[in-house]
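Could you slot chain P onto chain A? The hints should help.
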Amino acid sequence: MRSPAADRRRPTLWDGAVALAVVACAVFLVLFLRPAQSSAVTAVITLNGETVAQYRLDQLSQPVTLEVTEADYPLTIRAEQGRICIEHSDCPSQDCVRTGWISRPGQQIICLPNRLVISLSGTDAESFDAVTG
Amino acid sequence: MKRFLPFLCCLFLLAGCAAPASSAEPEQAQFFSMDTVMSIRVYSGGGLDAIQAARQEIEGLDKLLSRTDPDSQISALNSHAGDGLQVSLDAEVANLLSFAKSVSQLLPGCFDVTIAPVMDAWGFTTQERHIPSADTLSAAMALVDSNGLIVDEQASSARLERAGMEVDLGAVAKGFAAGQADAVLRQQGVTSALLDLGGNVTVIGAKPDGTAWQVAVKDPQNTSEALCVLSLEDQTASTSGGYERYFEENGQIYHHIIDPKTGYPADSGLLSVTVISADHMLADALSTALFVAGPDAALDFWRSREDIELVLCTQDNRVIVTEGLEAGYRPAGEDRGYTYEIARR
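Protein chains in written order, with the working numbering: chain A, 1 to 133; chain P, 1001 to 1345.
Isolated chain A (complex conformation):
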């Protein structure tokens, strides 16, 4: 037995409403279900594998200075909105100070003599998985 709808040749207002509802759902899904576009950047500072401090760099309104006096070679870390660096270190090599500012997820500053690492992570992933060098 054929339904009344199958006998009709022209679309009705109801058909239009269904099509519109599908389009509206598609727009809703595209807009609201895609990945978040925020640019959170978190700096985690570890000394000998233990976390000593953590900052949301994108949310810093004032510069922050952290003195890591418990390190073998005491050092000073400076964080500002969106970036962080080792401002001073008593370590002999100074490689960590020369690294300068870092600001993007995936970047690191390493002070080998102190076994201190500053790692950045965040929602704006880099377009690569690792860095050689």
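Because the hints were derived from the structure by calculation, they are not lab data.
Only true hints are included.
Pairs of lysine to aspartate or glutamate residues, derived as DMTMM-like cross-links and limited to a Cα-Cα distance of at most 20 angstroms, are as follows:
| # | chain 1 | residue 1 | chain 2 | residue 2 |
| --- | --- | --- | --- | --- |
| 1 | P | Lys1207 | A | Glu126 |
| 2 | P | Lys1207 | A | Asp124 |
| 3 | P | Lys1261 | P | Asp1120 |
Below, chain P alone, put in the same frame as chain A:
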């Protein structure tokens, strides 16, 4: 109801268009070993147990190979230099020493596993870096000779012929560790992983989505930027550059990659060399040796072999990428003045 059936079907299909759930976070660990920072990220198979096994493997090797650990086998070898004693070693240490000697023969004058006394003279091993006096440097250079390292692989032993000679495996140890850790991870069922052993990047398999890993090469003149990005699977990318460890004196920069011919930091026209190979240990050793060799010799060497690819960054801001990498690479430093060229065989 039939009027709404297509609507419900469409909704069901649209749900599939939603953003994919973020890919599972990898299991990972970061630790210090071999005087550098290392990280292991496992994306599929094995998990934390596999990472722990690989980490133990690397830390075990560090105990065997460290020159600064007085209980290591390399320290034992060095402490018996010149006394005629053939020092017993684990088979893998003897094999590694033999490999390091073979690199000296592959690129004569560009690599020497007995360079340690010169590294000490410059203070690169003690962190108190300085220009050595001419007498100190001359005395240290007199001790550099890999022919004076006698390795007996059958007996798993070695000796150094002259007192004062010392072996330093810094240019090969991370590559060796990468190979051993790679094997351990695979034994544990890992099929997708990424190891970063102090800037030596080893990738296992492909990414969980089946695409190749994207590995950036650091810009030697601006280390927070990438020079280019490579597509890799089941390979190691090892980079050597003067920017890694250096000091400045009287306005001059002195870096840690010493030319065994001169005893001074290599000045071959290169800022960095990246070697890509499925042979992790070879990639590590060659990145140092080819940095000393210079761009022309490095490309000649590449043309003589099938098992390596190179990215060379020259002092005149050229980035030379060998043709085996061409398909999957993308330049990233054009706005910083670099020009890119593909080297052909």
